[in-house]
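Enquirer: Sequence:
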Amino acid sequence: MVNEFYKQINPQTVMRLWVYFCIVLMTFLQLFFTESIYNREALFSQPWRLWTAHWVHLGVWHWVLNAAALALLPEIFLRISWKHFLILWVMLPPLLSLALWFYLPNLLMYAGLSGVLHGLYLAIAMSAIVGASDGERRIGWIVLAGLLAKVGWEAYRGMSQTAELIGAPVILQAHQWGAVVGLFVWMLIWFVSKYTGKRTE
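In my numbering, the protein residues as written are 1 to 201.
What the hints contain is simulated information worked out from the structure, not anything from laboratory work. Computed from a predicted model, the values in this text were never measured in an experiment. Hints are all accurate, no fakes.
With a straight-line Cα cutoff of 25 angstroms, these simulated SDA-like cross-link-like pairs (lysine to any residue) come out:
id : residue 1 : residue 2
1  : Lys83     : Thr13
2  : Lys150    : Ile129
3  : Lys150    : Val180
4  : Lys194    : Asp134
5  : Lys150    : Leu165
6  : Lys150    : Leu73
Just need the whole structure built from these sequences, with the hints factored in.
Expert: Here you go:
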């Protein structure tokens, strides 16, 4: 019955609705900011932080920037699958949290969607490159090139101009690891869909 409901709605509209739901979720979680942020000491005793750390923000501008970037996804990738998006939305946060825990032992606190956004954009761009129409493929290449250039420039400069706007330091390694985790999850999805014959559409 649910599948029939979704089939009657434009796929892009469904995708937009899910994105808007995620933005509302991020807004709601701000009410529980302290209990939601990445806290290295409490990460495994309070495992929900593996997810929620990336869904809360340090302030209004921090939230606005990331919510806007998230809202742009269905406008850039017109044929994106909402199922694909939800898989990434659920898988990327805990994997990125674990990467931060293992590779950044001095990072005690963290909050924000930017690392996950890098993973989302990379994974969806890769999906567009390998499995979409020519138009979507071109968009995928443009987004991928822009994302890699951004991450490379930040690594070279060692800073982000966003820090002044949000009033807090930007953890550039979260962007880098977000992209790495996004590539890993995309490869996993691609492998499963290729060898099981199932697609996340």
